[in-house]
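Undergrad: Could you put together the complete structure from these sequences and hints?
Same order as they appear, the protein sequences are chains A and B.
Here the first sequence stands for residues 58 to 410, where the numbers follow the working numbering.
Here the second sequence stands for residues 6 to 501, where the numbers follow the working numbering.
Honestly, the hints are just simulated from the structure, not real lab data.
Mixed in with the good hints, there may be bad ones.
Covered by chain A, per the in silico footprint, the following chain B stretches (three or more residues, Cβ under 8 Å) [said to hold, decoys possible]:
#, stretch
1, 169-179
2, 345-352
3, 355-361
4, 484-491
Backbone N, C-alpha and C fix where the C-beta goes; we use that ideal spot for every residue, glycine too.
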Amino acid sequence: MAVKTMEEGKARSGGSLLGALKRYSFVLVFLAIYIVYAAVSGGLTVGATMNIFRHSAVIGIIAVGMGLICLTGDIDLSVGSMLAFVAGFSVVVFNQTQGSIPLTLLFALCLGALCGLLNGVLVGVVEMPSFIVTLATMLIFRSLSQYECQHLPSELIGNGSSVYRMSSTLPSYQAIYQFGNGRLPGGMPIVGLILLLVIIAFVYLLTSTKFGKKVYAVGSNARAARLAGISVPLMRTLVFVIAGALIGLAAFLWIAMNASSDPATTGKSYEMYAIAAVVLGGISMSGGRGKLLGVLFGAMSYTVIDKVIIALKMDSLINDTIKGVILILVILIQIMGPRLKDRFGKSKAGASE
Amino acid sequence: MELLGMRDIHKSFSGVPVLRGVSLSVQEGEVHALLGENGAGKSTLMNILTGAYACDSGAVTFAGSDITNASIKQVEDAGIAFVHQELNLFNDLLAYENIFLGQELTNRFGSLDKGKMISQANDLFTRLGVDIDPCALVDDLKPSEKQLLEISRALFRSARLLILDEPTTALNTEEVEHLFSIVRGLRKGGTSFIFISHKMPEIFELCDSYTILRNGSFIKSGRIADTTPAEATSLMVGASMEQRGSWQSRDLGDEVLRLEGYSGNGFHDVDLSVRRGEVIGLTGLKGCGSSELMQTLFGVMRPSGGVASVSGTKLHGGSIHEAMRAGVAMLPADRKENSVVPDMSLLENMCLSEQVLSARSLPISRGREEERFEHYKKLLGIKAPSADANINSLSGGNQQKVFIARWLNTDANVLLLDNPTQGIDVGAKAEIYRLILGLAEAGKTVLINTLEIPELKEVADTCYVFYEGEVVKALPHDQIDERTVMLYSTNSLATA
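TA: Okay, here's the thing in structure tokens:
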């Protein structure tokens, strides 16, 4: 029965099957990498697969925010530094509030949103180029995070010397650590579930709400969007604020998973991974085009690459080379595919005459 | 002697035939008008000629040699130049740099010989009677100067056939005259032109011969002297154009829009009182301030003085949202730049403004929106395959109808239409006029800004003529005619 309906569907879509494949090429990329992973690790366990979600959680949530910003045609280079900045101070709040998890989460979300607001106002209202603004705040957030780590009283940062450490003596330490590293029945990590919930919420927001349509409209043609009544400065600001709050959430997950945050290394190069995940997911960097669902697959593809390298026992320093090459290959196929098809089609038509 | 011959050209896009055996023959030293409605296949034919597309079958000869499916570069080298509607100039370079781009003159050390290039450019401009400073930044040139610069560049590269695609849309009467005198001079020297335009008077003033296309088929070609505008128009449209004059006087309602001493960027001290169901035409020369008035009223720009009130409520100005809530809608000029959201479907394009007004309830009711779409599709006669089709798959006229629907969907009762029939073919124009009159009948108030006087005759109850930012005359419907409007918009009466 199920087979039949599938075949019916195929027959109906006919020529548009290729179109569907093109629209969802990010799934193919993920599957290809996943199969490589399965091959090199000699068969896959459920646990290993579920681990992909765990390791995609932080970068995935950040990439959702990046995707949102890219859809309006902007870019945010500060996400990695912002992650370190928010994570560091969230640790301080956790230590200061005697381990209040709700307060720590609230603080992380608010500080993230506030950082996003700074970016957003400069980009959306003052109309400075987002590349420049977020380049500057990338430097600022990272530096502040490192500076404060050296200058705050050491009991606030959990008696660490150069890292923000949650003090393990607090009663709720176990609870938050359990939250960051625990699994649901069935093996799904809690943080993985949160990633999925965020994706679902934002896919809904972008495809089925008026807010989502405005985001696409602003990225597609800002002038037309403005003349259709959309407040373009507000929308551009808002996406940065939302992305900021998402980074706050990611920072909370980070400290829950690691119980600490190193201001020098936390979130290092994450802006690049997030942008790569967005591009791999098929979102246009000039805005207005692409699916947020692709971001999930883009982020997970990169997580799997990490795992392949570990499985092959390769030097992890080769990691970024492989990620870079795959990014270029995927975009190359996307760009050259239609051209080759065009040329092939043309010569075939010529031969038939 | 024949310079260009295109024979029996066929072209289809993904199975849909766009050109069915079209032929075009241009003689040496003539201006040849290529006529047809939007979608008739003119652009496709020109794109095949310039090498942008390959034709499926047919042959192209130019100056005796076969250039069928040659590359863009080969066609250019053969001496064919396309002066596009969207000008292909580099705005950040100087005028002479644009002319010499790719073939700069150098001295024997390999560095640029600017002096020589500037003087050669100067010679070229003097020879053509073009008044442009070779060292001017292209961005600072007027549209007409850019057009002439592009023509000069083509001629400098010894083009023998120039394709002018609607060259007069951005020009005023005087500039059009200047362009035409240059074209005539070049024609005497043996240069040929393909002239694409929708404006019949210009065609009959300038061109020697014509070719008419309709729906991708060749209809007729011949000497301009042997035909009339009426005949050419009916050949373009197919069935003979419906007689004009669907305008009739209407009962008007209460005052809906009132302007007192309204001033802003580009216009000042405008007094206006518009009643429910009225159609007001605004016109004048390019830059006369009527378009700016509309934009200010819609909140795109801030007013500098005076009062504007809609249905008794005073507008503070400077906020599109405020204007929308007051029931004002604006269909901006330049559809592609200001209306089209290219990555979105028809449905999404149509619902955008309504969604702004109802933004407080976040979720979209897809079913309700589709209902509205079907409603407007029927009401406005939008020809579209489905609500999910991309906006760019529609013709200009149908796109414009989608944007009219965008605003009707907000329940606006004052519609500001800025040049609504720009780049729309004859048949679709007539439909838009009928639509405007129908909307007025249904109680909408319409302000239409246009430079085309026949358009005002079609729809306007009263026409306000602008001159340098001021209303110089209000003409009732009976007095709207080409001559009277021109007299006031050029302010000839004051100087006489």
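Undergrad: Evaluate each hint against the coordinates.
TA: Hint check results:
Counting residues of the stretch 169-179 of chain B whose C-beta lies closer than 8 Å to any C-beta of chain A gives 0; at least three are required, and the coverage claim is violated. With 5 residues bearing a CB less than 8 Å from a CB of chain A, the stretch 345-352 of chain B meets the requirement of three and the coverage assertion stands. Under the rule that three or more residues need a Cβ within less than 8 Å of chain A, the assignment of the stretch 355-361 of chain B holds, with 5 such residues. Counting residues of the stretch 484-491 of chain B whose beta carbon lies closer than 8 Å to any beta carbon of chain A gives 0, which falls below the threshold of three, so the coverage claim is violated.
Hints 1, 4, counting from the list given before, are not met by this structure.
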